[in-house]
Amino acid sequence: MKRFHFYRCGSFKSSYREELGLFQTDPGRLCFFAGLFIVFGIIPFAGSSAVLRVVNMIGIYSIAAIGLNILTGYTGVISLGHSAVFGVGAYTAVILTNLFNAPFYVAVPAGGLVSAVAGIGFGLPAVRLMGFYLCFATLACQKIMEFIFTNWKGLTGGAAGISIAETGFSGIGFKSDMILYYIIFALLTVMALMAFNLMRSRFGRALCAIRDDRRVAEAMGIPAFRYKLLSFAVGSFYAGIAGALFSYFSLTISPGDFNVSFSVILIAMIIIGGMGSIPGSILGAVVVVLLKEASAFGDRILLDMFEMPFSVSSLYEFAAGLLIVMFIIFKPKGITGAWSDIRAAFRSWPFSQVFNNGFK
Amino acid sequence: MTDLYMLLLKGISLGCLYALSAMGFVLLFKTGRIINLAHGQVMAMGAFIFLLLSALPGNTVIVAFLLTVLIGFFVLFVIERLFVRPLAPVNMKQGIFVSIGILLMLKGLMSFIPLPPAEQVSAGTSISSSGIIILVTGIFFVLIFLILSRRSSLGLYIRAVSDNRKAAISLGMPIKRLFTFSWAVAGTAALISGILMAAGSGLNASDLGTMESKIFPAVILGGLGSMRGAVLGGLLIGVLEVCAGGRLSGPLGDLFPYLILVMILIARPNGLFSDKIDLAGIKE
Numbered sequence: 000m001k002r003f004h005f006y007r008c009g010s011f012k013s014s015y016r017e018e019l020g021l022f023q024t025d026p027g028r029l030c031f032f033a034g035l036f037i038v039f040g041i042i043p044f045a046g047s048s049a050v051l052r053v054v055n056m057i058g059i060y061s062i063a064a065i066g067l068n069i070l071t072g073y074t075g076v077i078s079l080g081h082s083a084v085f086g087v088g089a090y091t092a093v094i095l096t097n098l099f100n101a102p103f104y105v106a107v108p109a110g111g112l113v114s115a116v117a118g119i120g121f122g123l124p125a126v127r128l129m130g131f132y133l134c135f136a137t138l139a140c141q142k143i144m145e146f147i148f149t150n151w152k153g154l155t156g157g158a159a160g161i162s163i164a165e166t167g168f169s170g171i172g173f174k175s176d177m178i179l180y181y182i183i184f185a186l187l188t189v190m191a192l193m194a195f196n197l198m199r200s201r202f203g204r205a206l207c208a209i210r211d212d213r214r215v216a217e218a219m220g221i222p223a224f225r226y227k228l229l230s231f232a233v234g235s236f237y238a239g240i241a242g243a244l245f246s247y248f249s250l251t252i253s254p255g256d257f258n259v260s261f262s263v264i265l266i267a268m269i270i271i272g273g274m275g276s277i278p279g280s281i282l283g284a285v286v287v288v289l290l291k292e293a294s295a296f297g298d299r300i301l302l303d304m305f306e307m308p309f310s311v312s313s314l315y316e317f318a319a320g321l322l323i324v325m326f327i328i329f330k331p332k333g334i335t336g337a338w339s340d341i342r343a344a345f346r347s348w349p350f351s352q353v354f355n356n357g358f359k
Numbered sequence: 000m001t002d003l004y005m006l007l008l009k010g011i012s013l014g015c016l017y018a019l020s021a022m023g024f025v026l027l028f029k030t031g032r033i034i035n036l037a038h039g040q041v042m043a044m045g046a047f048i049f050l051l052l053s054a055l056p057g058n059t060v061i062v063a064f065l066l067t068v069l070i071g072f073f074v075l076f077v078i079e080r081l082f083v084r085p086l087a088p089v090n091m092k093q094g095i096f097v098s099i100g101i102l103l104m105l106k107g108l109m110s111f112i113p114l115p116p117a118e119q120v121s122a123g124t125s126i127s128s129s130g131i132i133i134l135v136t137g138i139f140f141v142l143i144f145l146i147l148s149r150r151s152s153l154g155l156y157i158r159a160v161s162d163n164r165k166a167a168i169s170l171g172m173p174i175k176r177l178f179t180f181s182w183a184v185a186g187t188a189a190l191i192s193g194i195l196m197a198a199g200s201g202l203n204a205s206d207l208g209t210m211e212s213k214i215f216p217a218v219i220l221g222g223l224g225s226m227r228g229a230v231l232g233g234l235l236i237g238v239l240e241v242c243a244g245g246r247l248s249g250p251l252g253d254l255f256p257y258l259i260l261v262m263i264l265i266a267r268p269n270g271l272f273s274d275k276i277d278l279a280g281i282k283e
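Chains as they are written, first to last, in numbering that gives the first Met the number 0: chain A, 0 to 359; chain B, 0 to 283.
For reference, chain A alone in the conformation it holds in the complex:
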């Protein structure tokens, strides 16, 4: 009978492979598989169609948030241009479907690849620079992309946006939310695992080194320029895939969907969930989407009861901004940080205070 490790009361690892393992304890593995079962087996059948739509949105935003976490959480690049790259993926998918009748398994990866190229384009002027200048460069690229989305009418349909054609769903017929759900979450699982593996490989360690101290990383032989550019490419690939899926989810896209506010909301997701942590991105996406749904719900209530002309749903932006500020002030590591603090407190009980305060 296999020896189960339920909590870390010492180090029982006997190889490097175990050290790098995905889960440190067996309950972790159990939870993971239970979670997979719930996600794939239970939710699609238990929820109503509205719930499915919300969960689909969570899935799409999670993929984008993972990409942004690779950029911001692991590499330390504050990117305000992520929603533009997301938009590039969305427009690519729609254009390929409308013009070339591409099926979805061509359009979605193509969206990711084109976005990766766009991300490299964003990165080229940006990665040479330090901290906040880089931020301005991504902001400029975001605004330039917004301009292209709105004004290249022949390709993108201008400010009114374009819709995806029927042929995108051919062969699978997934205009239903359920099949889209399976596609999104299969992709999410694969890409989250991919990102996690990438981040504990040499590449991920290089990115963390660059984030922590760029000069020291360069002195150790990590070419910061190349790795930052690669991180832009990978992060944008994720955003592009998410964008392509988004275009299937919301059948019409328009430039107003991909503005600076959306970029900031993506940043909110990773700050709330925890920067530098893949499950954190997913958590953050969950919180933000739930916030959005709650504010839409409040909107309906206000409309029914008081008939106010105010649109409460825009308070969702306000709430997201407030959450960003609150989390940075009180819990800069996000929900995952708070959770690992709690776990550490339990583990080192009754000496929790010592370990929480870091041996001060």
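Certain hints may be false.
Chain A stretches covered by chain B per the calculated footprint, using a threshold of three residues with CB under 8 Å from any CB of chain B [claimed, not checked]:
#, segment
1, 139-145
2, 258-268
3, 319-331
Read the hints as simulated data drawn from the structure, not as lab findings. Because the structure is a prediction, the values reported are computed rather than measured. Glycine included, C-beta positions come from ideal geometry on N, C-alpha and C.
Fit chain B to the given chain A structure using the hints.
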């Protein structure tokens, strides 16, 4: 030919307003090494409140102006107390995130309150009398700001703090008060520039949505840490934007400042007046 003159005048007028906001941004950077990404949004907020107030019946321009400054000042005060104070000793990256958060909060507040459909002022290429007033007022405020930063003792303190913060502290300068003061001044400058922008050219709602990042090209062009750079950068960006757009906010005019920003960041990221910046204290 008169068309070009008109465009130039409009550009200088817009440029003065950008310069005002940019000087506020630079002031904040000098005093606290803070990049306040929400600064443009404060400008948009000033414009928004002004438009809201002047749409209500029975408000003259002056009253709306003063009320806007009052309300805006109150919002800035709340933000400073609640969010900026607790973060004073923290590093730059978290400061940027907080300012991003404040940006989103202000944006959310602005889209929460519906703006009454404003009569859109026809944006021709001629200067109306109100345009001249805006130009003069803009130049007036810019000059005041410049003179204050060069000649007054507060300006001296601020330059000292930006040169070497620790030395300034050890010499007994009231850093916290200075920072609060510079936050107030910078915020008011942004508010005033937003109000003037709204008063002069009849913005509509979509302009408000894109206004929040317009000042960053001006700041970077001039160079962070230099007031004169901010003025020059603002004027240049204003003129170039109007000339590119043909009128105040054509689509190409919206794009041009960002193209310039990218080019500046590639070629000379420190900006025009770059020797004034002390970059040694900034961690990458």
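Evaluated hints:
1. 139-145: Holds, because 4 residues of the segment 139-145 of chain A bring their Cβ atoms closer than 8 Å to Cβ atoms of chain B.
2. 258-268: holds (count 7)
3. 319-331: holds (count 9)
Every hint, counting from the list given before, is met by this structure.
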